[in-house]
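Peer 1: Spelled out, the chains give:
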Amino acid sequence: MSNHANTGPAVHGIMAEFDHADKMVAAAWKANEAGYTRMDCYSPYPVGEAADAMGFKKSEMGPVMFIGGLVGATAGFLMQYFLGGVQYPVNIGGKPYMSWPMFIPITFEMMVLTAALSGVFGLIAVCGLPQLYHPTFNVPQFARASGDRFFLVIEAVDSKFDLTETRRFMDGLNADSVAEVPE
Amino acid sequence: MSTTHAPSLTIIDPLIEGKQNLTEVGSAIGDYILDQKKQPVQWWFFFAVGFVMLTVLLYAFSYLFYWGVGVWGLNVPVAWGFAIINFVWWIGIGHAGTLISAILLLLHQKWRTSINRFAETMTIFAVMCAGLFPLIHMGRPWFFYWLYPFPNVMGVWPQFRSPLVWDVFAVTTYFTVSLVFWFIGIIPDLAYLRDHAPTKLQRVIYGIFAIGWRGSAIHWRRHEKVYLMLAGLGTPLVFSVHTVVSFDFAVALVPLWHATIFPPFFVAGAIFSGFAMVIVLAIPLRRYYPRVANYITRKHLDYSAQVMFGTGMLVCFGYACEVWMAWYSHSMYERQTTWQRLFGPYGWSYWCLITCNFVIPQILWSRKMRHNDAVLMITSIFVLIGMWFERYVIVITLSREYLPSMWGRYSPTIWDWATMIGSLGLFLTLFMLFLRFLPMISMTEVRELLPKEQGGADGHSILENAP
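Going line by line, the protein sequences match chains R and W. The first sequence begins at 3 in the numbering used here and counts up one residue at a time. The second sequence begins at 1440 in the numbering used here and counts up one residue at a time.
Hints are computed from structural coordinates only; laboratory data are not their basis. Even for Gly, the Cβ is constructed at its ideal location relative to N, Cα and C. You may find that some hints are simply not true.
Using C-beta positions, here's what the derived DEER-type ranges look like [unchecked claim]:
#1 P1637(W) <-> L72(R): 19 to 29 Å
#2 N34(R) <-> Q1478(W): 45 to 55 Å
#3 S161(R) <-> T1611(W): 30 to 40 Å
#4 M1593(W) <-> L80(R): 20 to 30 Å
#5 A12(R) <-> K1639(W): 25 to 35 Å
#6 T1494(W) <-> A12(R): 56 to 66 Å
#7 H136(R) <-> W1585(W): 41 to 51 Å
#8 D173(R) <-> T1462(W): 43 to 53 Å
#9 I94(R) <-> M1593(W): 17 to 27 Å
#10 Q1745(W) <-> G130(R): 38 to 48 Å
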């Protein structure tokens, strides 16, 4: 929420629209240099430089998937070890019950399965999705964020955010349009 | 990460043709789905054909479930007939989709971009068709969950040293991972459909499946990372799946099955047949969706044909190795079974296989032939038939084992054929529905592939964007 509650209806932030990814990235860097930290860029395809400009250099998905895969591999191996060796030992051609090399394929498959699922569900969870409503959807031109337009939003939660001051700053970014995003 | 860009070079034979920009990409792909443009009349034709074949499948299933697997031609010694032939054939076809979406991504192959979506979809549907066969072969398919380890009152557990149990895990993992990989990739395109849908119903449905995607840079960075990691997981996965499928055969002591060449031979064969299916699907797409032909160009077909040809010749090397090893092993049984395979009662199927997989694809040496739609289409269909015969030849080996008492004959019944034709119908119907309701090309990735001056990102590599 804005810390300028007396400036009228609550705003989520101010949105600037661009017709090229490079312009959005340049604007994000300018906002960064102007001292803004709470912003977001929206684009129809991934623009890594925009995330860099916002200070989100590295995603947390790597460790999430690594841990997921490790847990799955361990659980998969122990499951076979326990079931094949302890719970339900079956003598097959006199081979040892704890014949670990034969457990590797399923261990591998379990690793891949759990790493992939933790990646996907991790992505959805960490991004706070599914979130069918978001304030940015209130701005009509934002429908093109999934098509051919690029947007920079400086959010009201930024400590430097001021409705008139930030608006003036964004008007100077050579954007195609600048709009307030209602909360 | 640098902000300066190298001067753009003249592009020879581009991956994307026509006058392009970000808007055009969306409308060329999306208009067919959002009813802005009518589906070509051929869509209805193929859908009708697929649907008729699907009803054949339902009829074959009903008959099978009523009478049991005895309606098939299975018998001792050939206890694995069409069911496993079709299982391996379909799952092999699926592997090209994963190769395109995962391996070519890691290898920075930009030509994967236009074909990865429909190839991944092909994978999902092909694995569904593949999975049907072991399921209905079980006799009591409603107990399929007995394949998985779960605590039960009978106190029994799967035998984890059996390749058949590995297969259950491998195929389950493969289907799940292919599905989530495909879903992660399609979310941004669903967001486009949500934002551009003319009717409320479409907005709601696509909106639900788009899970509120809004293209935030932070979300994109995570998305790219997950996508890259899934590609990294999918690469060994695709090899492991067909390796495990080959273990179903190679672990048995049947002559010519018990061979270390099986895993690589199977993987190469899978990619061979999968790319044939990609070409068989891509040529009509190019012809009947003219705006889409700007993205799936002749270059894509040419590259696919080259991959198909390359893996095909690896497979043919495998055929040579099998025969050579039989001679070199000095094993009477290997030699005798090889002789039976080549000149025995089923020898005709071996020579069909050699004709379809080795002789006919030789035409692909010629660039001119690779650029001829009709030639490429016919060659690919022959490859699909040849790869089906390969599995037939392998399975029919059971008819000539060690002792004459283990010799026998196998012939499929009409219900074997009906199930097989029906599985093609299931695939065709699902694929037509996919073309109708979902973007057949990844808009996101094609947009990224466009040059900077057309609004794209010069086809940046995902490795740069996903720290």
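Peer 1: So, for every hint listed, does it hold in this structure?
Peer 2: Hints, verified against the model:
Between P1637(W) and L72(R) the Cβ separation comes to about 47 Å, which falls outside the hinted range of 19 to 29 Å. At roughly 47 Å, the beta-carbon separation of N34(R) and Q1478(W) lies within the given 45 to 55 Å, and the hint holds. For S161(R) and T1611(W), the Cβ-Cβ distance of about 50 Å falls outside the hinted range of 30 to 40 Å, so the restraint is violated. For the hinted restraint 20 to 30 Å between M1593(W) and L80(R), the CB-CB distance of approximately 22 Å keeps it satisfied.
Taking the beta carbon of each, A12(R) and K1639(W) are about 28 Å apart, inside 25 to 35 Å as hinted. At roughly 57 Å, the beta-carbon separation of T1494(W) and A12(R) lies within the given 56 to 66 Å, and the hint holds. Taken as a hint, the range 41 to 51 Å holds for the pair H136(R) and W1585(W), whose Cβ atoms sit roughly 45 Å apart. The hinted window of 43 to 53 Å between D173(R) and T1462(W) is violated, with their beta carbons roughly 26 Å apart.
With their beta carbons about 19 Å apart, I94(R) and M1593(W) fall inside the hinted range of 17 to 27 Å. A hinted range of 38 to 48 Å holds for the C-beta pair Q1745(W) and G130(R), which are about 44 Å apart.
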